[in-house]
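Given the structure of chain A, go ahead and fit chains B and C onto it with the hints provided.
Protein chains in written order, with my numbering: chain A, 8 to 304; chain B, 30 to 283; chain C, 82 to 404.
Quick caveat, the hints were computed from the structure, so don't treat them as lab data.
We put the beta carbon where it would ideally sit given N, CA and C, even for glycine.
Heads up, some of the hints might be wrong.
[Claimed, not checked] In the SDA-like style, the derived pairs of lysine to any residue whose C-alpha atoms are separated by at most 25 Å in a straight line are:
| hint | chain 1 | residue 1 | chain 2 | residue 2 |
| --- | --- | --- | --- | --- |
| 1 | B | 127 | A | 102 |
| 2 | B | 169 | B | 204 |
| 3 | B | 259 | B | 235 |
| 4 | A | 101 | B | 131 |
| 5 | B | 169 | C | 317 |
| 6 | B | 148 | C | 259 |
| 7 | B | 241 | B | 164 |
| 8 | B | 169 | C | 111 |
| 9 | B | 148 | C | 271 |
| 10 | B | 193 | C | 279 |
| 11 | C | 89 | B | 241 |
[Claimed, not checked] Beta-carbon label-pair distances, calculated as ranges:
| hint | chain 1 | residue 1 | chain 2 | residue 2 | range |
| --- | --- | --- | --- | --- | --- |
| 12 | B | 130 | A | 19 | 52 to 62 Å |
| 13 | A | 136 | C | 112 | 41 to 51 Å |
| 14 | C | 112 | A | 143 | 50 to 60 Å |
| 15 | C | 188 | B | 170 | 35 to 45 Å |
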Amino acid sequence: MIGFFQFFSMTGFFQACIDGLLTGALYALIGMGLALIFGVMRIVNFAHGAFLMVGMYVSWLLFDRFRLNPYVGFLAAGVFLFFFGYLVYLLLIKPIRDRSDFMQILMTTGISLILVDGVQLTFGADYHQTNIELVNHTLRFGPFFVNKAYLLSFVIAAVFIMGLRSFVVRSRTGQALRAIAQNRDVAPLMGINVTRIQGVSFALGIAVAGIAGGLLLPALYLFPTVGEDYTLKAFVIVVLGGMGSIEGAAFGGLVLGVTESLTSRYWGQQWALIVDFVLFLLVLSVKPSGIFGRQRA
Amino acid sequence: MLSADCCEDMSVVLHLENVSKRFGGLRAVKSVSFEMNAGEILFIIGPNGAGKTTVFNLISGFLHPDEGSIIFNGRHISRLAPHRAARLGIGRTFQIVKPLRNLTVLQNVMLGAFMHTGKLNQAQEEAGKIMDFLQMSHLKDFPAHGLPLAALKRLEIARALATKPTLILLDEVVSGLTPGEALALAGLVKRLPEWGVSVVGGVEHVMQVVMKIADRIVVLDYGAKIAEGKPADVVSLPVVIEAYLGAKYKELPK
Amino acid sequence: MTGLRGWKLVILIVVVLASSSLAFAVQNDYQMQVLFRIALFAALGLGWNIVGGYAGQLSLGHVAFFGIGAYSLALLTKHSVPLWVSVLLGAIIATAFAAVIGRIMFRLRGPYFTLSTIAAAEVLRLIATNSPFTEGAIGVATPALFTGRYFWKLFYLSAVTLATLTFLINFWVSQSRFGYYLMAIREDEDTASAVGIDTASYKNRSLLISAFVTALGGSLYASAFQFIIPDNVLTIDISLQMAIITMLGGAGTLLGPVVGAILLLSASELFKNRFKESHLLIYGILIVVVVLFLPEGIVGGIKQLWNWIRKKKAPASAGATTA
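Just chain A, with the same shape it has in the complex (with noise of 0.2 Å):
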């Protein structure tokens, strides 16, 4: 802590806000994947994280065979991931809808589990790196400096997560998932598909996942387990923003990504983690609704 008063800086403290904020919207967009999949429809997916895992193999491989630079290969990574995601939903989720929510994270964790060895085996455990040229320029605003590849990113996501959260506030689909949200019983009487739709949510939260994947990837080492510390930001993320509250996870990926990276240069990397659950932890006890939440936490 001595280190702090030491060696604080306005500069280094507003970059390290700029990096967050950075890595914050794909944080943004993990927490709203998973805002729709737990916050509306409550079902416990405990895999987020590892089909976010599986979106960037999807990307790394377009990549690593086919040249295809991954601000281009995440779309496919979404597509593929939406599609094996209602396929997912079908099999595995649909039967156990409505069994308690012990069973769904139960069911998840194994899913998760299938993913994680199962790209293991197929790619093995080494680490891969993918090296974008655009990785290594940077801008220059002021005494702040903000890398070209994450400043993309950080536009490619702002772009989805303004489309995601038009989609369910506007769009028929939406709308007809919060219809189911607050009453399932009666929404087929409305003439609503609810497998359909709750099929088409889960397939969208997923997708979202696989996206983000697809933009972290050219930031990171790139190996099975690497989804994994996702799945819990991602729920830190929903219970800061607030259940059921698709904005809400969007600041609060925001907040996330600011607090880890403030963390991290204050205190060091491997603290950033501890934070995480730290924080999580203090939002459920003082205020389990969230940020923005509604009454049920």
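Same frame as chain A, now just chains B and C:
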């Protein structure tokens, strides 16, 4: 407490004084006051959304009033946790039955009996007696999740009775039953005061039961009390009729 | 102990004696080690069963107690605390930890509770990894509780003892008001409150018992393998294993965790070559299959079949005609 010779002194067992409860912007219960004496059977009636279940939740500690006070046998119980209210002698059933699904009927009732004994065989005995009274002994070894509604409603009552309450809250205890089932159950409810239990029932529209067994009625509409008195008197009041008919006009048919 | 008489007691004694006799029958050290693990995880599963099976609270952070037991043994003995005292202290520390975090965590319901248990265990792991106090990721040496030729045999017998202890605790729970209260909490917390059960208090109590025995298991494990690192004794894998073997065998039953431990760990050994690389894949598939088709676990499933055969289901007209 649960014995055939009972107290006939007219002490006030339950007293609500200007009780209010809000949920966000919605005022679910507005300054409701009423009193009930030991050994009475009081029914709270009102159209859907009138606040009956909220009142039950307030009395049994599942919710706490924003304003006003609730006094049970001379004690303020407005801020008690539900398990404490139960231990003080307030038993309840739930509108949507909540059986302990993976346990047998006997085990379900034993849970109530456990409030007064730590021993398995004693609890079994007590539970047996209650089930005899409610004529459900033949069901004792069946798992709760397979039972039809009528049996589940009895199970709710049995479990609450096993805790030897002085006041029992029966929320919509006959709704969903056939007329035959409802009247049969009502007959049993009518006998509860013999065992030292005062009854507060909540009913939306099974009026025959109310007329048959209630000593007094309190009518709620949109959270406020609009009438109180003997069944025959209250039911013909214009304000009560309007509450029901008017409400029916606004609601979709069920 | 009421209820544990007659044929039930006889069977228990027979089983315990039979298991113990394996210590003499098996000569291969490696096989003894495998049996040690099976007995240990049976004990851990039975410990988890109290919270996860009877009380129905899905804790996926139980490794926290395991790790506390392990690290307490390692660190206390380093500071000259006698061996067996350290083991006991470790269990007490774990119980104290459970008392503190239980208060916070049990206020949360459903997935939030589970997430908080994972978070708590992970925080411990990260602290252990990054803290000089625990030698970080480098690891700590742990003294062996037994030495000499009969090393693994003695450890195996200790594990069997622990398993028997936890089995007896489970038995007591299943036959007592305490156990009924836990089951009520599992089935419906509101109903439990309505019959006078202080749900928070009972959940906490179940956690305390569970933490104590889990920590004992952790100490035993640490002592047997004589070297611990955070990724070994504070890893979520162990929490998952505890949950899986109990779920697979049948949560909330007496024999479930034992059956689950025997099956899962034996299978793991038998298919060792292929399994070891893809053991997580198999775990995952196993979980999915159990959740989809056998949520009551093997023992639970057998019980249901038994009930169905004896036609215990209520006829549809029950209760309607009585007047």
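Hint check:
1. Restraint check: the Cα-Cα separation between residue 127 (chain B) and residue 102 (chain A) comes to about 23 Å, which is no more than 25 Å; the hinted pair holds.
2. For the proposed pair residue 169 (chain B) and residue 204 (chain B), the alpha carbon gap of about 23 Å is at most 25 Å, so the pair holds.
3. Distance check on the hinted pair: residue 259 (chain B) and residue 235 (chain B) sit about 17 Å apart at the alpha-carbon level, within 25 Å; holds.
4. Of the pairs offered as hints, the one joining residue 101 (chain A) and residue 131 (chain B) holds, with about 23 Å between alpha carbons and a cut-off of 25 Å not exceeded.
5. Restraint check for residue 169 (chain B) and residue 317 (chain C): not satisfied, since their Cα atoms lie roughly 42 Å apart, outside the 25 Å limit.
6. Among the hinted pairs, residue 148 (chain B) with residue 259 (chain C) is consistent with the structure: their alpha-carbon atoms are about 10 Å apart, no more than 25 Å.
7. A C-alpha spacing of about 21 Å is found between residue 241 (chain B) and residue 164 (chain B), which places the hinted pair at or below 25 Å, so the restraint holds.
8. A threshold of 25 Å between alpha carbons decides the hint, and for residue 169 (chain B) with residue 111 (chain C) the separation of about 51 Å lies outside it, so the pair is violated.
9. Restraint check for residue 148 (chain B) and residue 271 (chain C): satisfied, since their Cα atoms lie roughly 23 Å apart, inside the 25 Å limit.
10. Pair hint residue 193 (chain B) plus residue 279 (chain C) holds up; C-alpha atoms about 18 Å apart against a cutoff of 25 Å.
11. Proximity of residue 89 (chain C) to residue 241 (chain B) is assessed by CA-CA distance (about 53 Å); at most 25 Å being required, the pair is judged violated.
12. The hinted window of 52 to 62 Å between residue 130 (chain B) and residue 19 (chain A) holds, with their beta carbons roughly 58 Å apart.
13. For the pair residue 136 (chain A) and residue 112 (chain C), the supplied restraint of 41 to 51 Å holds, since their beta-carbon distance comes to about 43 Å.
14. Range check, residue 112 (chain C) to residue 143 (chain A): Cβ separation about 56 Å, and the 50 to 60 Å hint holds.
15. Against the hinted window of 35 to 45 Å, the Cβ-Cβ separation of residue 188 (chain C) and residue 170 (chain B) comes to about 36 Å, which satisfies the hint.
The structure shown violates the earlier hints numbered 5, 8 and 11.
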